[in-house]
Amino acid sequence: MVIGVRVDAERCCGSGNCAFTLPEVFDQDPSDGRVVLLQNRPHSGVLDLVREAADLCPSGAIELTE
Amino acid sequence: MADETQAAAHQEAHREAQAVQAADREPTFPRERTCPFAPPAEYARWQAEQPVAEVVLPSGQDAWLLTRHQDVRAMLDDPRFSADSAHPGFPRMYRQAVPQVLKGTFLRMDGADHLRYRRMLGKEFTAKGAKEMRPLVERTVDGLLDRMAEQGSPADLVTALAYPVPSTTICGVLGVPYEDRARFEDSTRVMISGRSTPEEVVRAKEEILGYLTGLVAAKEREPGDDLISRLLEEQVATGELDRDEVPVLAWLLLAAGHDTTASMIGLGALLLMEHADQLAALRSDPGLVAGAVEELLRHQTIMQIGMNRVALEDVRIGDRTVRAGEGVVAQLMAANRDPEVFADPDRFDITRSARGHVAFGYGPHQCLGQMLARVELQVTLARLFERFPKLRTVRPVAEIPFRHHMFGLYGVTELMVEW
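If you read the sequences in order, they're chains A and B.
Residue numbers for the first sequence follow this note's numbering, so the first one is 1 and each next one is one higher.
Residue numbers for the second sequence follow this note's numbering, so the first one is 67 and each next one is one higher.
By construction, these hints were calculated from the structure, which means they are not laboratory data.
There could be a bad hint or two in this list.
As the list claims (entries may be wrong) - Label pairs and their computed distance ranges (CB to CB): (1) 480/B <-> 44/A: 44 to 54 Å; (2) 9/A <-> 284/B: 31 to 41 Å; (3) 64/A <-> 146/B: 19 to 29 Å; (4) 47/A <-> 194/B: 21 to 31 Å; (5) 201/B <-> 30/A: 14 to 24 Å; (6) 280/B <-> 44/A: 54 to 64 Å; (7) 9/A <-> 111/B: 35 to 45 Å; (8) 146/B <-> 66/A: 40 to 50 Å; (9) 23/A <-> 290/B: 26 to 36 Å; (10) 386/B <-> 39/A: 36 to 46 Å; (11) 194/B <-> 64/A: 18 to 28 Å; (12) 30/A <-> 303/B: 16 to 26 Å; (13) 205/B <-> 23/A: 19 to 29 Å.
Stated by the list, open to error - Going by beta-carbon spacing under 10 Å, a handful of chain B positions derived as facing chain A: (14) 190; (15) 389; (16) 429; (17) 430; (18) 433.
Stated by the list, open to error - Derived list of chain A stretches under chain B, where covered just means 3 residues or more per stretch with a C-beta under 8 Å from a C-beta of chain B: (19) 19-28; (20) 31-45; (21) 54-65.
In this text, a Cβ means the ideal position worked out from N, Cα and C, and glycines have one as well.
Only chain B is shown next, with the shape it has when bound in the complex (with noise of 0.2 Å):
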């Protein structure tokens, strides 16, 4: 028990300190971009001089900065670390008051409580369920194409493409309605939008929260082959789960099933369309594809500030030591160009190994639904350039507009295209 006081004490001290100077003291991380391809400069350089770099956030909080591949594998998967947002020492974005976190949030939970909650979803995402998906994602695909070929040259990529491949998706997993798709789409924008208010999250989070709880009961009036209904039947009839979660689950499944891979699929087009040798080696090999789906993962890690979590205990990674009650940030685009892992790690190159990137994040908390997310990421970007080998953007790179906010997903808000 004297351990756990002398952790509050701490944590307590420690909050006020940070209370103190979050009032006058100007964040050093994250940095802005100056390649619209590349990390901001300065990771490289943290990686190479401090690989565990004391950083302020722009909550004014301190924070330890991982950017070695083997660092942030390391500390996502120490159990030592939590995710606990709860935490008053989780490093926070925000200056503003954190809305509470609500019960079924999996990802802010830690050791067994989350891994019972993995378990319940795990069976609809597993690698053999995903590959099982591929016809059902062709479909979509192709007929989205046969649309943008029937609209003609040229089209806004982002919003024929990239968003309705995820959407229908996803939709399809949870079973909403595709019809009632327009109605959780703008609100799951403003979520992650990295620019909205935290009045604007909070509203538009109530609206996403309102439309799934209505769901959910019809799916309890009316169960479908679908997970909402599944986990209706087998978790929450059983006492594994609480009613109240279900739609929070969806929600949780819906926002992280949707923008992400969208802005993968306009940012791996867009790749692509700019490196016209790693192209044409596609085009000519369409075994290719799986291997550049992860170099584009790799290179174009969208998740652009890291991992947060909080050390419980001290723990030592390389030369430093974090104290208990300390916020650390494992910066993934910067492991993901870690020379020591990846060489020539800025070279755009499909037919290396890139398979040990984390883009999807790494530990136990890793990416759920990654393996539908590489389904969708290949077929989609195979059959554009199989349907339209003459493919390309309309506008130089420096006219296309890219989501520069460094809080939110990277993508491009639109990519015109011609045929």
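Here chain A stands alone, though its shape is the one from the complex (with noise of 0.2 Å):
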């Protein structure tokens, strides 16, 4: 199975919780923490991970496509 994952930087409070989740997938602007996604659509292998990055995220900012 393949998830899309799409992020919206205008929410991001930048907590961090999806880059410590899966760092391979999400990681942060240097200039002030906001989300960048480095993967869009994920390997299977990290499926789990991916959704539980986008459980955690505090303020909705990660959406998946199934």
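Hints in hand, dock the two standalone chains.
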């Protein structure tokens, strides 16, 4: 299965939860801490962590499309 | 405009009603603990029977108390609730007048105004940045453990380790000279103890801000590689931030990054020593430390009161309607023991998946320094039990002094250990 990932940097509060959970998919802008998406279609081996990152995001800035 | 006028009239009526009620009403929240490691028993009962409960705060105000994980998360990430403590309906814990909120106090702001500050500070507290701080935290912790070993058993873990780790770390981030720490440590403790009188709090706040204002002036003359200098160079110089806000921001970060982590180190070490099986598991597999810290944060949520908000419009939560202008308290301790999310929630289990906890809050105000706090907790607890494998408490739990006052952060005030 493949999941599509979208991030909304306008909503992002820079908590770092996504980058902490899955640094190969999510990073943070070094100028303001906002989310930077590294892969918008992460491979199937990390899907659980993608879902966890989306669930943990405190400001609802990560959207998944299955 | 009609809506705003109506809301204002509603708020005025609400305030008058509350002033009358305040005179003779007994508060029903917060409750007292009966077990030092568990939230007050009523919170679980409310969660099961009245997840959106009507409570009376010590200020005499009515408020809605949320105890379910799902409701707590939804409310804290809902822009229809405001963190503005100057709002007349904001849930207040004390009857005394609320001191004026200083410009730059972004934790009391909403929406885009609040996010603007998060972005100024966000670069300083990224997950990657916290990881890069790890060697520095390790050196700090090792130095403190060396000193404990030199001075010999027994020792008070609170003063020997729990406070100096976060204090040294946040001072390093801000660029506060090590030798100046004592000047604000006492004042910080007065401010967050929950026992201080409003006058004492105001005086302590003035002392810290006075010190930090001087420090900001010094950094203007001689910038360093630190957060305060970068705020001056990148935000004040470009007009993004007022110069007067810099000491306020520095103060907020000092206060938020100091006693919180210290409390978790003390409680965390104690809980592990009280659970020999869990500690043994951690010792045999140091890779468990990250999960152990998440479980400690879940199980021992030190934010005892909760996160307070005021509704800006009518909002349905569960089967209740919170009206515009009414106060809501999100009970984090209760949410972290919600059996819908955490099976057998009272059990302390370092191998469970506890990341979904709300110990750092939720929504856009979620703790800015959480990644750094995680590194500090992981390093401190791992190294402590590595260095002193036989570490144990000198006294039984019944004789260990906890901060029982339900307003401040929870924690132990002294933790005598031997090895």
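How the hints compare with the structure:
1. 480/B <-> 44/A: 44 to 54 Å: About 51 Å separates the Cβ atoms of residue 480/B and residue 44/A, which means 44 to 54 Å holds.
2. 9/A <-> 284/B: 31 to 41 Å: holds (35 Å)
3. 64/A <-> 146/B: 19 to 29 Å: About 25 Å separates the Cβ atoms of residue 64/A and residue 146/B, which means 19 to 29 Å holds.
4. 47/A <-> 194/B: 21 to 31 Å: holds (23 Å)
5. 201/B <-> 30/A: 14 to 24 Å: Since the Cβ atoms of residue 201/B and residue 30/A sit about 19 Å apart, the hinted range of 14 to 24 Å holds.
6. 280/B <-> 44/A: 54 to 64 Å: Taking Cβ atoms as reference, residue 280/B and residue 44/A lie about 56 Å apart, which means the hint holds.
7. 9/A <-> 111/B: 35 to 45 Å: Given about 42 Å between the Cβ atoms, the range holds.
8. 146/B <-> 66/A: 40 to 50 Å: violated (29 Å)
9. 23/A <-> 290/B: 26 to 36 Å: holds (29 Å)
10. 386/B <-> 39/A: 36 to 46 Å: For residue 386/B and residue 39/A the Cβ distance comes to about 42 Å; the hint holds.
11. 194/B <-> 64/A: 18 to 28 Å: holds (23 Å)
12. 30/A <-> 303/B: 16 to 26 Å: For residue 30/A and residue 303/B the Cβ distance comes to about 19 Å; the hint holds.
13. 205/B <-> 23/A: 19 to 29 Å: holds (24 Å)
14. 190: holds (8 Å)
15. 389: Violated: closest Cβ of chain A sits about 25 Å from residue 389/B, beyond 10 Å.
16. 429: Cβ of residue 429/B sits 5 Å from chain A, so the hint holds.
17. 430: Interface hint status for residue 430/B: holds (4 Å vs cutoff 10 Å).
18. 433: Holds: closest Cβ of chain A sits about 8 Å from residue 433/B, inside 10 Å.
19. 19-28: That given contact holds, which follows from 6 residues of the stretch 19-28 of chain A lying within Cβ reach (below 8 Å) of chain B.
20. 31-45: It holds: at least three residues are needed, and the stretch 31-45 of chain A offers 4 whose Cβ sits within less than 8 Å of chain B.
21. 54-65: holds (count 5)
The earlier numbered hints that this structure contradicts are 8, 15.
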